[in-house]
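Both chains are sitting in their own frames, so use the hints and assemble them into the complex.
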Amino acid sequence: MLVSNIKSRPVYGGLKVDDAARRHLVAAEGEGALAALAAFTGRPEAIARATVLYSPGGSAPQDHAAKLGALGFDDLFVMPSQPTLITRLNVILATATMGARLYAAGVEGFIGSVVAAGMAHGIDQASIRTEHRGSLARRVQCVHCKGMTDNVTVSPVVCSHCGIPLLVRDHFSRRLGAFQGVSIDAETPGDVPPAEELYA
Amino acid sequence: MSGGVEIPVRVVAIEQATPTVKRFSLAARDGSPLPVFSAGAHVVVAMDADDRRIKNPYSLIDRSADGSTYRIGVLRTPQSRGGSVFMHDRVAVGSELTITMPVNLFPLNRTGRKHLLVAGGIGVTPIYAMAEELARQSVPYEIHYAMRDAAHGAFADELVARHGDKVRLYRDDAREVIAVDRILPNQPLGTHLYVCGPEGMINAILAGGRAAGWPEENLHAERFLAPPGGSPFALTLAKAGITTEVRGDQSLLEAIEATGVDAPFLCRGGACGQCETKVVSADGELVHNDHFLSDEEKASGAKIMTCVSRLQGRELVLDL
Chain A
1 MLVSNIKSRP VYGGLKVDDA ARRHLVAAEG EGALAALAAF TGRPEAIARA TVLYSPGGSA
61 PQDHAAKLGA LGFDDLFVMP SQPTLITRLN VILATATMGA RLYAAGVEGF IGSVVAAGMA
121 HGIDQASIRT EHRGSLARRV QCVHCKGMTD NVTVSPVVCS HCGIPLLVRD HFSRRLGAFQ
181 GVSIDAETPG DVPPAEELYA
Chain B
1 MSGGVEIPVR VVAIEQATPT VKRFSLAARD GSPLPVFSAG AHVVVAMDAD DRRIKNPYSL
61 IDRSADGSTY RIGVLRTPQS RGGSVFMHDR VAVGSELTIT MPVNLFPLNR TGRKHLLVAG
121 GIGVTPIYAM AEELARQSVP YEIHYAMRDA AHGAFADELV ARHGDKVRLY RDDAREVIAV
181 DRILPNQPLG THLYVCGPEG MINAILAGGR AAGWPEENLH AERFLAPPGG SPFALTLAKA
241 GITTEVRGDQ SLLEAIEATG VDAPFLCRGG ACGQCETKVV SADGELVHND HFLSDEEKAS
301 GAKIMTCVSR LQGRELVLDL
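So the protein lines, in turn, are chains A and B.
Oh and the first sequence: position 15 is 15 in UniProt numbering, straight run, nothing missing.
Oh and the second sequence: position 101 is 101 in UniProt numbering, straight run, nothing missing.
Excised from the complex, chain B in its bound form (with noise of 0.2 Å):
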């Protein structure tokens, strides 16, 4: 099957970290342990709303030192496509969902002689996982996590508590910036950067490390995106035969999915390129937003990355 082997959970407690952000913690319905997971892996969360399937990708925090749960945090972001509104308002403790086995697709490397991380709001979770297993492996590391304000900070509190001077905090409202051009010029070789965060923040932060002389190999960066939603396309599958509708609020591959077809993915937030397909004929424009395809990939117009990218037209034929 797609996406791999499923575990079906239960919601046991949910904390409101901050006014938009809840973490949830997850046990299997059976009771067994959960899978061991490497830090910066995430899980596919699929929700059963009224009239359709939702799932999004989330980073997951931490494994309880007995493996019976998983924490996952999750920001409110309304004009989405209603998975994390879905997880706010209607999940709660005693809930049911189903999660796919933990994938990570921005992992630690094993060689680096010192870390960097660096978050920004929401982007903290898997940062929070990675600082988590550095100070368990006694690497040298640094946490710089960038905020709103003091209220926002998901896991401020407890970075410091568990990282001490480790950690740097900066908040927006009190004009504090990463200072990239002053931490990146004179790190030791060796060192790896990872920054996980909105996107104007991950090109920053890159931008910094390549004009500090970075080299590729040692920049990474979790550029997760729940998939957008947006106007509504007639979509028909031409191999299978079908033809269906992909909704406002649904993603292509949740349409897909609808039909029966097992299309495939493994991230679904447009970075693994596990759902490329190819694009029989489009009446409209393609709105690719993933970070897989080169520029002259989405230019061709001939693949499109189901899990976050759509049609702002009429309609949309694909090679499924």
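Isolated chain A (complex conformation) (with noise of 0.2 Å):
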């Protein structure tokens, strides 16, 4: 369990379906396609009115797809890769109602993507279900040149835009869904630590 005193470091509280839901939209990448599977496994009545979206990425070679296809699930989209993931995500949820639940499960940097469309849509936050699954690695934004960069492991790490050696803190950005990457040696320029593996 992660745990954090900066209060916007976020919170995962597992991919529980809300029976009261008309439609389920589930979003999942990698291992998160695990969590849609254990949430949904015996709930024929979920299955018949869930959406799911799943990106494999790097959990190509263990084939969940083939595991969520054998499920039944209502509608299926394999997705090459998150960001197409989300444009089609977008798409359903242009026409959504209130009676839609989304639900994100796979890694930070994707859950955090899942979450910002939702809001996007008008969905409260605290009505998105959540599970966070793989590995940790953490999306994070340069505060300095706002560049993002992904699947970072490690901290201090060199942004990939502008070059400045960045700490990855705790303090999380909701409306981008990333870590928030400051100056490691603004005081003194070239003293930086060594970078230590936090997020594998």
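In short, the hints are calculated from the structure, not lab data.
Treat the hints loosely; a few may be bogus.
SDA-like cross-link-like pairs, simulated, lysine to any residue; straight-line CA separation at most 20 Å [as the list claims (entries may be wrong)]:
id	chain 1	residue 1	chain 2	residue 2
1	A	Lys16	B	Glu216
2	A	Lys16	A	Asp74
3	A	Lys16	B	Ala211
4	B	Lys114	A	Ser127
5	B	Lys114	B	Arg136
6	B	Lys114	A	Met119
Everything numeric in this text was worked out from a predicted model, so none of it was measured.
See below:
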């Protein structure tokens, strides 16, 4: 369990199916497919009301997509990448009604993108159900140049856009779905501690 | 001081809105502008009756453009502790009252894309203020207002004049009901629902929202109650070492205040939780009228909300 005293650090409550919902919109990535399987297996009524979007990513060799297909969801879209999945999700959310419930499972950067998409369509962040699966790798925004760096597992990390060495903080932007990276050597330029593998 | 800053006010106008509802315009006695409030807010009005001080919460309808007056709407409810009857029968233009600063326990959700405002009877007062604010912001909204009959629609004409076809009126005498099963299922994402009215109506509307699959985060209700009366009982404040009597037409909190003890309170409507007080012992049955404590907490008998709850029995001892 990830613990932090920074309030914006997301807490993932798990992929619990809300039986009251009329439509379940499930966005999953990589190992997140296992969370979707665990939540929906043995619940035929929920499966019949579920639309699943899945991007296999690094989990492609495990073929979780086949397991999702075998469960018989009402709709299953296997997408080639996270960005294409978010694009498809946005199209579905544009016509969704208040009876729809959004679920997100996978790495943190992906969950952040799904939650940000849901909020952009007016969904209250507290009603989005999330489960972290797979790597602890972070999506990091450089607060100086605003560039995004994905799959960050170390801190400090060099910004992939402007080259500033960044301390990766627990400070999380829900709007961007990203952790914040701040210059680690602003006071003493060049004084950069060695990178530690924190988010493997 | 508990409940925050108080504002001395004078009644400057009274409108008889319906046979049972009066609207009071209140201005600060020193002529200064009244604080800006957000839609859904209420004030606690203190009334000095002959033998006691009554305090009731009332939702704010509006604030005049120059900030000099607030309006509140008061339904006459003869079977309660006497606050609304006092307002109707004893308060005239020129009467002096005291109000608290506005407090909002029923705010609009600013991130909402669309807002459904549902009112029953006198529950229309906060809804009226919310509709004004939404109209100013050009956010999509609908108003559904249920009343006993045309004569009892305290705000029906004004609402239609100001909001046109966004208003839908329902009259009980014409057997018109708010069809939640038709209104709620196809609302777009980001819609928020706000309901204020009688308890049974609130429960039916919220149940309709849940049946349509709405998440709790988007369902909002104002379950304000004026403190109900009851039988008199003895009250002991253990820490202060005071024993007194709570009269039948007095709330527990009013009786505590009458002894000079500065007990905590905020909404005085059983909603906010500020007045939660530990029960040392109770010889009788606690009558919990609030919407704050959970059913388990109520059953445990360890706590009481002094603003609306009381004892049916002989003596109550509180940790005050």
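Hints versus structure:
no. : hint                 : result
1   : A/Lys16 to B/Glu216  : holds (15 Å)
2   : A/Lys16 to A/Asp74   : holds (18 Å)
3   : A/Lys16 to B/Ala211  : holds (18 Å)
4   : B/Lys114 to A/Ser127 : holds (17 Å)
5   : B/Lys114 to B/Arg136 : holds (14 Å)
6   : B/Lys114 to A/Met119 : holds (14 Å)
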